[in-house]
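> One letter stands for each residue in the lines below.
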Amino acid sequence: MSTITRRNFVQAAAAGLALPALGRSALAAEPLKTGFIYLGPVGDFGWTWAHDKGRKAMLAALNGQVTADYVENVKEDASAIPILKDLAQQGHKLIFATSYGYMDQCVEVAKQFPDVKFEHCTGYKTADNLGTYNSRFHQGRAVEGTIAGMMSKSGVIGYLGSYKVPEVVLGVNSFTLSAQAVNPKITTKLVMIDSWFDPAKEAAAVETLANLGCDVVAQHTDSPAGLQVCEKRKVWCFGQGADMARFAPKTQLTAIEDIWGPYYISRAKAALDGTWKSDNAWWGFKEGTVVMGPYNKTLPADVAAAADKIIAGWKDGSYDVFTGEIKDQTGAVKVPKGEHMTDDKLATIDWYVQGVQS
Amino acid sequence: MRIRLEKRLTPSRFMQVATPIASVLLTMALGAIIFQLIGFDGPHAIYETFITPIVAPYKWVDVMTKAAPLIIIALGLSLGNQAKIWNIGAEGQYIIGAIAGAGVAFALPNAEGFWIIPLMIAAGIVGGMAWAAIPAFLKTHYRVSEVLSTLMLVYVALQVLSYLIGGPWKDPNGHNFPQTPPLTAAQQLPHVLPGTAIPPGLVVAIVLTLVFWLLTTRSVYGFSVRTVGAAPSAARYGGFDASRTVWTTLMISGGMAGLAGILEVSSQLGQINLGFPSGYGFTAIIVSFLGRLNPIGVFLAGLILAVTYVGGQVAQTAVHVPEATAGIFQATMLFFILASDILVRYRLRVIRDAPRVARAEAVA
Amino acid sequence: MLTFIIDALVTVVGVTTPILLAATGELVVEKSGVLNLGIEGMMLIGAVTGFAVALTYGDNMGALAPWLGVLCAALAGAASSMLFAVLVLTLGSNQVATGLALTIFGIGLSSLVGAGYVGAVIPPFDSLFPDSLAGDPLWRVVFGYSPLVYFALIMVFAVGWFLNRTRAGLILRAVGENDISAHSIGYPVIAIRYAAIAFGGALAGIGGSYFSMVITPMWAEQMTAGRGWIALALVVFAGWRAGRLLAGAYFFGILMTLELYAKASGFSFLPSQFWASMPYIMAVAVLAFMSARDVTGSEAPACLGRPFLPST
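For the protein sequence lines, the chains are D, G and H, in the order given.
Count along the first sequence from 1, then add 920; that gives the number in my numbering.
Count along the second sequence from 1, then add 3; that gives the number in my numbering.
Count along the third sequence from 1, then add 518; that gives the number in my numbering.
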């Protein structure tokens, strides 16, 4: 289905390409060829699906000015190198690599194609023609945590994680700290399933969290499996990466939506008008790459108001969940009272805050 | 009157060459038609998948890079498969080989000598062997099926990798991502032929293909392995020790997988991350059988599979077919090749005859 | 405490059932002397078919739609297994390679077919018992499951009974033990193996549909995430016996659930990877232990994986 749409896009782009040849529009330049490499299938309804939505948003916004090809299921080993090279050789001038594991491959290929612009998602290595980008999903986690802290009756909330990488640790901490801000007695039970995508294991893990008394569960794995379990077990939950209300119509409280479109549009525009520069972008609520999904209809007004306040705080810079004093699991003070964590510290975090049970 | 399968005395040379070619052509024709019917540009997709990687010189390096580990692992597996020792856990041995070899490098961070790479390679081979030694020991002492133990140990190896790169071996400059530090320049394999991009792994694969060819066709050991596989009781009379065969075949296949693992680390990315295990060990099983357990055949089969992988990626960007298409093409090609195998070993006769039984031999 | 155990048991049943279904089918296939490594592919084809049918006919058929979905999943699994069967039985191709090719095929085909179903949902194929039983904190341990759970249990006993107590089962085992003798006595070796493979494919398809219709009523590419391989290991683990297959499946399921409980309960004195590798280490260790204690060993069919081509 999506493929047909894609083919139509390509045909549309090709038609656009033909126009100048007909002499109808001397101004229409050749479209910018962009390429994407994806970790999963576009049908994962998770990480890759969200990036593909961003790609489509870019195509729609810059209709005729860009084309966008993609390669899915690209492994994070050396075989990503030839794929990146292929895209560059086929004339793609702006290439997005949408998973952490493509970092060194991007560095390698960027060296060989100095006139091609590369953008690597969630990494940290840059070059003149290689920028990085990520979203501050932990901002959304603070909204979820605030809601969770207010909605939990048991004081025990759950978190389904994938791997212990800074991104996930940040989410767990943000979720826990913001929940503790509204209910200091909150503890978070954390299960890491050592996989980004394994619906059956995700389901079993959420069931286990529910069995152990968690009455709100957040997740940082890719499939909506956990939400379906929550719906069945009447446990509050949050959508991951997209509004997943159809998987848990009664119990999804809200969702963090990964919206890559604004970033892709801005970078493609920059490449088109020649202002593209290698950057280290970390966007959030303010820039529109982190968006909260609609609230559950049954969400009490005071909870919704508290959540809105957090969002507004992130947007105007008045709120930061990582404000000291913050202790780690052993009780050691990691962030002194009143201090904030720098972006560098956030991006490399590897310790859990007090109250996380892992 | 009926059609009868008659076993050839020797496998047909003509069919050995003709059937794979015919299979690929059939796949291309069928694939083009079917994908045209469901709304893709079928012929174009087929061209990019099967032809581009062969005719476009810039894709050759990619094909060779992809083929090298497949061939190296499959060569080792073929020996065991001849003896009907089913090592389906080469992926685990590949991982542990990479870990062992890289471990040596991390233990000697300042080593600059010419000997560091041979030492790492040796460690990689030993690592793969050690991982395969567990199933060998369990089979010879406790009769635990190697199908189970080798497969289970893949999952364990994945966890060992995940533990090491997220814990003790985590790159201190890696922003706390689960990955090892990069190998130093001295610890990375140089390109064998300066000025070309021929991956070192492929050179190793070529050499090993010849070694295994000599081993299987010219040595008593190769004969003993085949005998154990084909007729265990005859092998016992002949003085070939079955338990020794279990050990040697698993050690060789484990060692080869380990070698592929350390070669991949030290000649490609230069570090180990979560994406390192990408399934070469499993695909190599197909390569082994597709090559009819014959070293030369394995070499060619490895190249063919690598072509379809690389071509599948080309087709994605060039024709915008989903990745799943490449899998379907690949499977269709495998089905045809496997199906046509019968023509190599049998000839079709239309004849009047009483039913008779013949057992096909797994080793052609 | 009792409800705690019951809750955990319900999770274990969910983890175990799809593996048990696929493994029961594979047991029959292997008992007939054929090794089909295509379980994962057949499960995925079953998963996407079951989901697609249940979704498409959900509006018109209501409560019957999931039943039709499961039936079609079984048919699709069986149909895909026939590809394998023609190759290995009629054309005598190598079983290991053909099975692996079937897995690649199944992954590709299910992804292609399923692309249009991503993001859609169906109601879960849940317990048919009244909510007072299925939702009861105690009684749900008996009544709170999808019909497929009971079906899986019935199948494993039925297969055990069939293999050991019926004449047809005896013939099937004879074919797996010594195909040449079975053939010379006049049993239709090839036909029996076709039937066994179709049965295995059907159960793998139903096992796959358990993912897309019960655990997580949705379709996502490669959603079985390698369970077909666990099913394969399980048959070996069980020593090709139905009773031990049931015990082994639940042993696996319990260990996989324990992993999650250990992590959620904060057992971080050992790395999480240790808990994750437990089921696999234990599987090997238990088998070695039973063998060392000389518990009646495996009943591996002698002809497993060997091609058989009657010259007729």
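Just so you know, the hints here were simulated from the structure itself, not pulled from any lab data.
One or more hints might be untrue.
What the hints assert, rightly or not - Under 10 Å between C-beta atoms, here's a sample of chain G residues computed to sit facing chain D:
1. 13
2. 15
3. 19
4. 21
5. 169
6. 171
7. 172
8. 180
9. 242
10. 243
11. 245
12. 246
13. 249
14. 271
15. 273
16. 319
Quick caveat, the model's predicted, so the values are computed rather than measured.
Ideal placement from N, C-alpha and C gives every residue a C-beta, glycine not left out.
> Next, verify each hint and record whether it holds.
Tested hints:
Hint status for residue 13 of chain G: violated, given a least beta-carbon distance of 39 Å to chain D, over 10 Å. The closest approach between the C-beta of residue 15 of chain G and any C-beta of chain D is roughly 36 Å, which is over the 10 Å cut-off, so the hint fails. Interface hint status for residue 19 of chain G: violated, as the beta-carbon distance to the closest one in chain D is roughly 30 Å, over 10 Å. Using the Cβ-Cβ criterion of 10 Å, the hint placing residue 21 of chain G at the interface with chain D is not satisfied: the shortest such distance is roughly 31 Å.
For residue 169 of chain G, the shortest C-beta to C-beta distance to chain D is roughly 6 Å, which falls under 10 Å, so the interface hint holds. For residue 171 of chain G, the interface hint is violated, since its Cβ never comes within 10 Å of a Cβ in chain D; the closest pair sits about 14 Å apart. Annotation: residue 172 of chain G was flagged as interfacial toward chain D, and the flag is violated, the nearest CB pair being 14 Å apart, outside 10 Å. Taking 10 Å as the C-beta contact cut-off toward chain D, the hint placing residue 180 of chain G at the interface holds, the least distance being around 6 Å.
Using the Cβ-Cβ criterion of 10 Å, the hint placing residue 242 of chain G at the interface with chain D is not satisfied: the shortest such distance is roughly 45 Å. At its closest, the beta carbon of residue 243 of chain G sits 39 Å from a beta carbon of chain D; the interface hint therefore is violated under the 10 Å criterion. Hint on residue 245 of chain G is violated. Least Cβ distance to chain D is approximately 37 Å, over the 10 Å limit. Below 10 Å, beta-carbon pairs count as interface contacts, and residue 246 of chain G has none with chain D, the closest being about 36 Å; its hint is therefore violated.
Using the Cβ-Cβ criterion of 10 Å, the hint placing residue 249 of chain G at the interface with chain D is not satisfied: the shortest such distance is roughly 31 Å. The beta carbon of residue 271 of chain G comes within 4 Å of a beta carbon in chain D, closer than 10 Å, and the hint placing it at the interface holds. Because the closest C-beta pair between residue 273 of chain G and chain D is about 8 Å apart, less than 10 Å, the hint holds. Below 10 Å, beta-carbon pairs count as interface contacts, and residue 319 of chain G has one with chain D at about 5 Å; its hint therefore holds.
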